[in-house]
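Chain order of the listed sequences is W and E. Per the working numbering, residue 1 is the first one in the first sequence, and the count goes up by one each step. Per the working numbering, residue 301 is the first one in the second sequence, and the count goes up by one each step.
It is possible that some hints are incorrect.
Unchecked claim - Partial chain E-side listing against chain W, Cβ under 7 Å, derived:
id, residue
1, V315
2, Q322
3, N336
4, L338
5, S427
6, G537
7, V539
8, L631
The hints are simulated quantities; they were obtained by calculation from the structure and are not laboratory data. Source: prediction; values computed, not measured. Note that CB positions come from ideal geometry on N, CA and C, so glycine has one too.
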Amino acid sequence: MRGVIHGIYKGAAEYVLPVRSVSAFKEKGVLTPEEFVEAGDTLVATCPTWSWQAGEIAKQRPFLPPDKQYLITRNVPCLKRASAVEDYGGAVEKILSGEGDGADDEWLATENVADESAETSRMEGTDDIPSMDTPAEKAEPDNDDDIPDMDEFETNDNVMEVDEASLSTPYLVATEPEENIIRTRTYDISITYDKFYQTPRMWLCGYDEMRQPLAPAQALEDVSHDHARKTVTVETHPHSSHTAASIHPCQHASVMMKLSEMLTSGGNEPRVDQYLFLFLKFIAVIIPTIEYDYTFAVGR
Amino acid sequence: MASTTSTTAPGAEGVLQFQPLQSTVDSTFWMELANNKLEKYRLSEEPCTLQGYYTPARSSAVSAPLQLTSTSLALDGDAPSAAPGGPQPYIAWGSLYNVNTLDRFKSFDRERIMAKASEEIWCDIRSGAACANPALLNRFVVYTFADLKRYSFYYWFAFPALVPPAPMRAAQIGSLDAALGADLAAAVVQASESWRGACTDATPAPAWLVWLPGTNRSSEITASPLTDWAALQERDGEVILAFCDPCNLPSNPGWPLRNLLLLAAAQWGSRAVRVVCAREKAGRLDPTFSLMVDAVLPEVPAAWPAAADHPPSQEVEDPAAVPAMAVPKTLGWEVNARGRMGPRCVDLGPTMDPTQLATQAV
């Protein structure tokens, strides 16, 4: 319920607040819409797997070009669930907090606490997530009476098309361990501009290994458990009408500012067109197993 | 990891096996379909044109699917508007048959729509239209039932592949740079990449030719459209067929090559052709991930298939459904989520049903 109220507040605030027009990338880690477009252009030019989208006409934001409303990359593989690689996520977060100077205690403190209690929250984590899962699962029994079993459709007269030229085990490669295959999901990842927080915001739409869409809450299994219950929420995508898991942008600006400070102290001048590369590197901590292209060196 | 070693298919000339395409339907597509059903189609069951999108494989972990999104339905046959930046996705044209009831869905005459699509593909191969526009080889069909009260959608895709008179065989399959050597492979990729870059159409051609000169091979490699086949045969050098390959496997090409090879056999009379299966890494064609297939093709006589060969399995009630010309046998229905022959069902209640969304939001 808090989320709903906040959503209404945020919507109202976005309506009355002016669009940021003064660059404050280095001071606050935020972007103007023009800078978002510039950073997006660089991302698309460097990694052509990303592309600009127009989205629904009715939902276009006037402060962005009509054909550059948000960025998307599709069919990104995710071979394992995040819980399988939790330690990796923790290690990277420590590096981030090493540079901390107190300006961003809340974000970093969350990490540290979560890190220490990793064992316990890992146990709890699985119990907690279903609170979001429940509506999705509850829907099934409701529908069971009415929706026919798909068995009925599997007609015997055309059980399998016999053809020696079709690869019969098309998606399951025998050389790989079985659990690997079963768990391979793919994600459509989009990045929108959040006017309220003045930062990019990431959205995840998942598919299982048979390319059936995942319920948004299932995407939480691919989010580092430290973040699954706090940083990632299920909301309506701003440019289309469906719900998706989103990484909440409330701390993005401060983390981005910290990252660019790290770059500066390393002797590199952070450039605003590279904002999204930095952003993707930091998001990789939250979704450690989703393998999008973020391996480009920044600051060269 | 793409294998850099050259692997020979089992048996010196094993049957060339193709990885079937997979459908991936964005939930925005179902929303658009639901809207159109209420506002536009209403009770009409007329087929409408779809555009599906696919890319070369971009990861060794997963193949690229045929994707439907909200824009798949929007244009109804018009050319799509190009998204700025980056290579355009390739487009496959599809026919959507949306039926009104679950009973209609269950008893749907899927043989009929498959026959129609395969007839179109075969006519385009024989007429040469597919040479000028190779995207015509990648037609697909899908029939759906939208249960709007429950936000459930039933659907079954088919990616028609015409069955040649005898199986196509592979003399050799390996990565492109293992087959050609790193320099030559890089030059082939470079030529293909500039061919793609020079293509300003909103619907880029998913297949093209690469010409290797007879001497001084890496210097003047060029890429050109399929229609140049005959002209290139007269020059001193080698002509290689190239196509955008959505398959990620190191040992097999993807489904779109099937109809393309049939075109090569039926239209050009090729009995052996080298094929580049173009795949990407980080958004650019990659010589180690791309494959080179030496395909051995069956002979396709001009009179094949004879009308008598054609087994009309369907007892035809509708005379309009009888193909005007003999068409090869066709297959390509997609398996369901359990790997069996059957339709799929997606329940979008969790993302579309206002009641469920309200419960979630608490």
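Violated constraints from the hint list, given by number and in increasing order: The structure breaks hints 3, 4, 5, 6, 7; every other hint is satisfied.
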